[in-house]
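Undergrad: Spelled out from the first residue to the last, the chains are:
Protein chains: 2
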Amino acid sequence: MKKQCPVATTMNLIDNKWKILILRDILKGPKRFGFLKKSVVGISSKMLSQNLHEMERDGILNRKVFPEVPPHVEYSLSPLGESMRPIIRSMEKWGNNYLENVKGKQQIKF
Amino acid sequence: MKKQCPVATTMNLIDNKWKILILRDILKGPKRFGFLKKSVVGISSKMLSQNLHEMERDGILNRKVFPEVPPHVEYSLSPLGESMRPIIRSMEKWGNNYLENVKGKQQIKF
DNA sequence: CTGTATCCACAGTGATACTG
DNA sequence: CAGTATCACTGTGGATACAG
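Chain order of the listed sequences is A and B.
The first sequence begins at 206 in my numbering and counts up one residue at a time.
The second sequence begins at 206 in my numbering and counts up one residue at a time.
Certain hints may be false.
If chains are identical, the list can't say which one is meant, so a pair holds when it fits in one copy or spans any two.
[What the hints assert, rightly or not] Subject to a maximum C-alpha distance of 30 Å in a straight line, what follows is the list of computed DSS-like cross-link-like pairs (lysine-lysine):
id	residue 1	residue 2
1	K251	K308
2	K233	K308
3	K269	K308
4	K242	K269
5	K269	K251
6	K233	K243
7	K233	K269
8	K251	K236
9	K233	K251
10	K222	K242
Derived from the structure by calculation, the hints contain no laboratory data.
Computed from a prediction, not measured in an experiment: that's the story for all the values here.
Go ahead and model the full structure; you've got the sequences and the hints to work with.
TA: Structure (structure tokens):
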């Protein structure tokens with residue numbers, strides 16, 4: 206029985222940048238498909254749909270359908286998804302510091 | 206002038222799972238090419254070389270060549286790379302918790 | 001030991017059109 | 001509104017061989 210790497214385990218569940226950005230948004234509260242489509246800049250309906258399905262399958266988020274016309278679907282965090290908040294927060298902190306202190310002020314290109 | 210998303214900024218610098226795993230290893234101390242090749246399970250020389258170059262270009266890590274025969278190259282963290290430690294640690298924590306408490310014990314598949 | 005060079009298969013993704 | 005279907009394309013990344 207092989208020992209598993211926790212970091213690799215985490216990366217298996219959030220394996221692309223779209224999922225991180227989706228998580229970033231839903232951490233602020235439940236979101237609808239259309240909202241995410243606009244908020245996650247550059248994502249296509251297909252990619253959004255696909256990633257939402259995978260995240261639901263992995264137990265990271267819940268999908269709630271409101272029986273209305275026109276259709277209304279809301280995505281919210283499961284407890285497992287909520288537990289990822291520290292990961293996203295650490296990335297947010299790092300990114301903020303990078304944008305403020307590094308980009309352009311040091312010799313690092315961009 | 207558009208406001209930039211810190212999370213997306215972070216993801217632009219560590220945009221694939223290889224970089225995360227490389228970072229995980231070098232956070233424990235300077236590492237050589239061959240060590241990383243074995244430690245980052247599944248990575249090819251090409252991918253390893255490519256990612257190391259990108260991370261060096263982005264200012265995340267330093268490359269030090271020892272003028273010896275046979276060649277000896279060591280990769281270590283720059284201050285910028287070191288500042289990513291909280292990100293990796295949060296992933297490590299999450300992954301550990303997931304492996305211990307979630308996988309197999311709840312209804313979440315795997 | 002630490003890589004680079006080349007080839008190439010195929011998974012990932014964008015674009016577009018369409019549906020309940 | 002919230003997706004799905006299909007297709008074409010591209011770049012990622014594996015395999016292999018080779019080099020300094």
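Undergrad: Of the hints stated earlier, which fail here?
TA: The structure breaks none of the hints.
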